[in-house]
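K.L.:
Protein sequences, first through last, are from chains A and B.
With the working numbering applied, the first sequence corresponds to residues 1 to 259, in that order.
With the working numbering applied, the second sequence corresponds to residues 1001 to 1431, in that order.
Hints may be right or wrong, so weigh each one.
As the list claims (entries may be wrong) - Derived, one-sided and incomplete: chain A residues facing chain B with beta-carbon distance under 8 Å:
| hint | residue |
| --- | --- |
| 1 | Pro20 |
| 2 | Pro91 |
| 3 | Leu109 |
| 4 | Ser138 |
| 5 | Gln156 |
These aren't lab readings, by the way, just hints derived from the structure by calculation.
Don't be surprised by glycine CBs; every beta carbon is placed ideally from N, CA and C.
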Amino acid sequence: MNDKTAIEAHNLTVSYNRRPVLWNVDFELPAGQVIGIIGPNGSGKTTLLKAIMDLVKKSSGYVKLFEQDLEEVRERISYVPQRESVDWDFPASVMDVVLMGRYRKNKLLKRLSKADRDLAAEALEKVNMLEYSNRQISQLSGGQQQRVFIARSLAQGADLYIMDEPFVGVDAATEEAIMLLMQEMKKEGKTVVVVHHDLQTAKLYFDWIVLLNTRLVASGPKDQIFNEALLQEAYGGKLNVLSKVGELIKEKDFPVREK
Amino acid sequence: MKETLEFFSFSDPNVRFVVLGTMILGATAAMVGSFAFLRKRALVGDAIAHAILPGVCLSFMVSGDKNPIALIIGAVISGWLSLMVIDGISRTTKLKSDAAIGIVLSVFFGFGILLLTSIQNSGNAAQSGLDNFLFGKAASLTQDDILIFSGIGLVLIVLVLLFYKEFKLISFNPDYAKVIGLPVKFLEFLLATITVLSVAVGIQAVGVVLMAALLITPASGARFWTNKLSYMILIATVFGALSGLMGSYVSYVAPAMPTGPWVVMCLSLLTISSIWFAPKRGMFARFKQHRDNKKKILQENILKLFYHLGEANQDFEAGRSFATLKASRELSESELDRGLKLLKQQNYLRKMTDLWYITQAGLEASKRVIKLHRLWEMYLNQRLKLEPDHVHNDAEAIEHIITPEIEQQLERELDFPVKDPHQSTIPYQES
Ligand SMILES: Nc1ncnc2c1ncn2[C@@H]1O[C@H](COP(=O)(O)OP(=O)(O)O)[C@@H](O)[C@H]1O
Ligand SMILES: [Mg+2]
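Could you build all of it, start to finish, from the sequences and the hints given here?
P.N.:
Written out as structure tokens, the structure is:
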């Protein structure tokens, strides 16, 4: 557990249909910190995480996790995909999804144990979702869905957590809960890497910041990054009411215009 | 009636074979197809069904007779090959997967027809009946067929039970399955093989064209009834088996009727009824929701009307004639009439000597709608920076849906504004 470097990307290039969307990205991220990966839409953040998790092919370069290959440290890594990457209308309950964090290769053909269920419940407790265990995932709000994904990841009991846009489409309460949780995890010696696209809050949330725009713009402790004349765009605050109303419209099948 | 009794006594061994055969096929196809449905691979079943034909023909040409096991092996190999090709095409070219499916389906099937024609022209006496793979032969299933079907069906059920949780995960979130180190390639291979197998046997009941229906329709109907995967698969399986029974029955009592198509007809019937009548997700439940929404909108609009009229001449207590109300808002006479009656029932309005009066309760309710409208306009104006003349239409709709919880949040976020963007006063309820 004394690894100093959580993630090392070396000369990483990833292309889709030959078009590079990550270009020679090279960085080392320290362990035991809360790290934000920040960049505009389409800048390759998701692709970077997928390359780290070996979900897309690297055109060149390599990634080391705790100075080893992914295959050797898989048990210590947990990944939270973008919320929109799955169909939430899938017939499953909250507990079903969180239990997926307990599936293992060596548990093929076996049933999950009581211990697995306890760990899943514990993870749900940490994100304040235990009372929703039996709720269908299609009936959750965006923020609750995100918490379920995080709980699934917590249930894995890893050392490094890699989360893709956990703050997108969530209400203020969830955002704060997730942020506090990340601080909590840091205290326990975990490393948390989070894709984020709001510079304003980035400064509050993260110890270390990676700025990405197809290529690596900067990577370093947050003070250093924010001192280097990186002008912040004034995004307004979060539009919580708007997203809630959107959810209601969907749930109730309400017309957006009267006629 | 006599035929019905005859049929359900199952004393005729032929009936037994047909019923058992179609039920097993229907049930296994439905169970396996549930995963194809959840993985949004509805078309893949169709492709496999068509792609199986060349395999069947080739294995007949090689073995020289219609040994069912040999034919199934041939079918599985070519069905499976078609999946690999589809996968390869969509991975290595820019073609979307539906295009890849279309290509593979037609090429394999075309080749199969070619082989079938050449076999039929070859004069091999054993070949008659090979075209059962095209149209199915449910009515002439034999004891041997049943044995093979139940054997394969059993294997499929056991495999699905064994890998149930992993199949669930790769259907929901395959990337996550990969990341936690599950052998996703193997699991996908297994699921593909199971699907091909169930198609290879199912096709003998209903034929190539209807096979995809046997895979996908039960799950899509079952989905309306439950939110639980295990129940969904169970219901789908029951649908599959039930339609096997119903289809065989229809073709028994009406002898000129083919069994396979009737199985699919019954299945469609079950699914269509699910789409209509299932609670919550069904169309009727949704219609009711829509109607309730509309009713709410109508009533609240009329309440608003009273408020606006009252606001205009600072007299909320005055009576309004039907004509005045009709003139002030775009409502048809019948709508207005209906809305007024509904509001009267709830004691929001009173009617005296042809004039309508708003009650205290009605006034409070109208204030709330007006307030929500104006608050929402404020919200759009302040937080989304929309121009004041662009916010009205949106608020017209949203005012009806805002819950008390959101209402409070709006009030707090905007800090109880007094005027809306058009400088009208925002009324707050007294309490
Ligand atoms: N599967 C894919 N095939 C082709 N192009 C893709 C694919 N996924 C992402 N891209 C492209 O790669 C770029 C980076 O995408 P992504 O990593 O999702 O960005 P971000 O997460 O920063 O918004 C975008 O231009 C996107 O259009
Ligand atoms: Mg992304």
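K.L.:
Which earlier hints turn out false for this structure, listed by number in ascending order?
P.N.:
Hint 1 contradicted; others consistent.
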